[in-house]
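Enquirer: Now for the letters of each chain:
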Amino acid sequence: MRYLTFALGKGRLVESTMEILNKCGITCDEILDKKTRKLIFTNEELKLKFFLAKGPDVPTYVEYGAADIGIVGADTIMEEKRRVYEVLDLGFGKCRMCVCGPAEAKKLLEHRELIRVASKYPEIAKDYFFNQKHQTVDIIKLNGSVELGPIVNLSDVIVDIVETGSTLRENGLEVLEEICPLSARMIVNQVSMQMETERIRKLINDIKENL
Amino acid sequence: MSKVLLHTPDGVRDIYGEECSDKKIIAEKIHGKMKSFGYQDIDTPTFEYFDVFAEEINTTDAKELYKFFDKEGNTLVLRPDFTPSIARCASKVLLENGTPVRVCYEGKTFLNTSNLQGKLKENYNIGVELMNDDSVMADAEMIALLVSCLRSAGLSDFQISVGDAGFYKGLCIEAGIDQETEAAIREQITSKNYFAAESLMNERNIDSKYIDQILKVSEFIGSDDALDKAENIANNEMSLNAVKRLKKLYKVLTSYGVQKYISFDLSVLSKFNYYTGVIFSAYTYGAPDAIAKGGRYDNLLGKYGKDAPAIGFVIILDDLISACKRQGIEFEHEASAISVTYNEDNFDDALKKATDLRQQGKNVCLLHE
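Chains as they are written, first to last, in my numbering: chain A, 5 to 215; chain B, 134 to 502.
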């Protein structure tokens, strides 16, 4: 039997993912061991392999078939627009994609002025402002600590993930508009879905029952 | 010295040496299979008026076309796909007496896809079209020919997923879903995103009975028993006819002996709305997407003024070859040329030797000592 390979987005999704997989009888405790230096983890019994990758890279691994299955946030899938099957909403890792900024920036979103938007998600920001709000904006791609944008006057607002909103509040920012809700998703390589239909469909159904 | 541009633009590449000769050999093998089924070569222009492609392409994809203008200001497009060009040409000259027309083509297609996604913008396609024949036999011939083409390239582990556009269309018509919603649902089902399809249908207030039926298409995957299940839930004529036709198709494919490569999947749909009947895609390990796609398009030719049924498929040769390489499949390589050396004194003898060998069909390089 061929190995089925999982790519998991590093970070907070890993534990919830393994919890659900455990309920389906799939175990791989090594992956939760923070001290390990291994890159690939194997479950020989079920012929499964697991590896951790940076979130935005997970759809890429899955698209090329380096992994058959990926677990990653909906934000990454929307941003990367890869050719993969998005088969399941796992329901955990819930948060929102929002436009945030200081309270006084709210009026900038009403008048359709040309404003600057900083984001780690330029594609999502572009789609929201251009196609849904019809507002012309300059989008600035940042790679982290996006909240800095409005504080140091790099941008008027930001587009980012909001979970509890505490980082925003601590920095005098707030949610101005909500773009869409987000959660963890399971994605599948298009070829694997056709070639390993039985195994993958069973897995999807098992997970569905345990959600 | 001025700066010399040595690299190619993103999305296009040079192919040379063994890779190039391998590609030619494989293309020739596939072409040979098509010829053996009686298909005749056709060649259409590399660029055409935009209108030729406008019918099949929706607005988002129109962005991916390479467009330019001629002196009169007409919009021209580098072909993104052969089928509309061939439909245009066929409706003009080939379909006059109503007998089946079989054509095969090969060449490059151009799509201005986004950068850094590892997709080529120039792809080599080999395909066939069978026009003026709406029978199940034509559907089966198409799929059997595809199997035979892929096998001739050396591939043995692949799967052809077969569906029928009519099944899903019938359900949508029965449920009274408008075109725009239908296209949105189709897009989600094509990417197997059933929960998005479900929430979309709930949003648009579609009867829950039909939502269940449409979502069930995800379950009809497998060999002919999947079709029995599909037959049980369909209440409308269009969907039932689609299933019946697929059952007949399976029988004919069994006669061809290719049923082991076939898996039915009623959620195989296409973003191209012109497909009216059977739709199929070939998958194998090592390629990110289907290596070949095809289907029946009975309405497309009508748009160019000549109503006629048609079916075809296209193989993306670059994807097929890279999948073969990743699977470690050995290609038959071109034999290297024989060297014949000469110097100033014996050139005439060397030339005669080389000419003789060339006449025997050998590849000969004449080299200075």
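Do not rely on the hints blindly, as some may be mistaken.
[What the hints assert, rightly or not] Computed list of lysine-lysine pairs in BS3-like fashion (alpha-carbon distance at most 25 angstroms, straight line):
{"id": "1", "chain 1": "A", "residue 1": "Lys212", "chain 2": "B", "residue 2": "Lys342"}
{"id": "2", "chain 1": "A", "residue 1": "Lys137", "chain 2": "A", "residue 2": "Lys27"}
{"id": "3", "chain 1": "A", "residue 1": "Lys85", "chain 2": "B", "residue 2": "Lys196"}
{"id": "4", "chain 1": "A", "residue 1": "Lys137", "chain 2": "B", "residue 2": "Lys196"}
{"id": "5", "chain 1": "A", "residue 1": "Lys212", "chain 2": "B", "residue 2": "Lys362"}
{"id": "6", "chain 1": "B", "residue 1": "Lys458", "chain 2": "A", "residue 2": "Lys53"}
{"id": "7", "chain 1": "A", "residue 1": "Lys39", "chain 2": "A", "residue 2": "Lys58"}
{"id": "8", "chain 1": "B", "residue 1": "Lys426", "chain 2": "A", "residue 2": "Lys85"}
{"id": "9", "chain 1": "B", "residue 1": "Lys377", "chain 2": "B", "residue 2": "Lys349"}
{"id": "10", "chain 1": "B", "residue 1": "Lys196", "chain 2": "A", "residue 2": "Lys145"}
{"id": "11", "chain 1": "B", "residue 1": "Lys381", "chain 2": "B", "residue 2": "Lys254"}
{"id": "12", "chain 1": "A", "residue 1": "Lys206", "chain 2": "B", "residue 2": "Lys393"}
{"id": "13", "chain 1": "B", "residue 1": "Lys458", "chain 2": "B", "residue 2": "Lys252"}
{"id": "14", "chain 1": "A", "residue 1": "Lys206", "chain 2": "B", "residue 2": "Lys362"}
{"id": "15", "chain 1": "A", "residue 1": "Lys85", "chain 2": "B", "residue 2": "Lys254"}
{"id": "16", "chain 1": "A", "residue 1": "Lys130", "chain 2": "B", "residue 2": "Lys254"}
{"id": "17", "chain 1": "B", "residue 1": "Lys349", "chain 2": "A", "residue 2": "Lys212"}
{"id": "18", "chain 1": "A", "residue 1": "Lys130", "chain 2": "B", "residue 2": "Lys252"}
{"id": "19", "chain 1": "B", "residue 1": "Lys252", "chain 2": "A", "residue 2": "Lys145"}
{"id": "20", "chain 1": "B", "residue 1": "Lys200", "chain 2": "A", "residue 2": "Lys130"}
{"id": "21", "chain 1": "A", "residue 1": "Lys85", "chain 2": "A", "residue 2": "Lys42"}
{"id": "22", "chain 1": "B", "residue 1": "Lys156", "chain 2": "B", "residue 2": "Lys254"}
{"id": "23", "chain 1": "B", "residue 1": "Lys200", "chain 2": "A", "residue 2": "Lys58"}
{"id": "24", "chain 1": "B", "residue 1": "Lys196", "chain 2": "A", "residue 2": "Lys130"}
{"id": "25", "chain 1": "B", "residue 1": "Lys393", "chain 2": "A", "residue 2": "Lys85"}
{"id": "26", "chain 1": "A", "residue 1": "Lys85", "chain 2": "B", "residue 2": "Lys200"}
{"id": "27", "chain 1": "A", "residue 1": "Lys124", "chain 2": "B", "residue 2": "Lys252"}
{"id": "28", "chain 1": "A", "residue 1": "Lys206", "chain 2": "B", "residue 2": "Lys349"}
[Unchecked claim] Which stretches of chain B does chain A cover? Using the computed rule of at least three CB atoms under 8 angstroms from a CB of chain A, they are:
{"id": "29", "region": "326-336"}
{"id": "30", "region": "416-430"}
Calculated from the structure, these hints are not laboratory results.
Note that the structure is a prediction, hence the values are computed from the model and not measured.
A virtual CB, placed ideally from N, CA and C, is assigned to each residue, including glycine.
Enquirer: For this structure, which hints from the list above don't hold up?
Expert: Violated: hints 2, 11, 21, 23 and 25.
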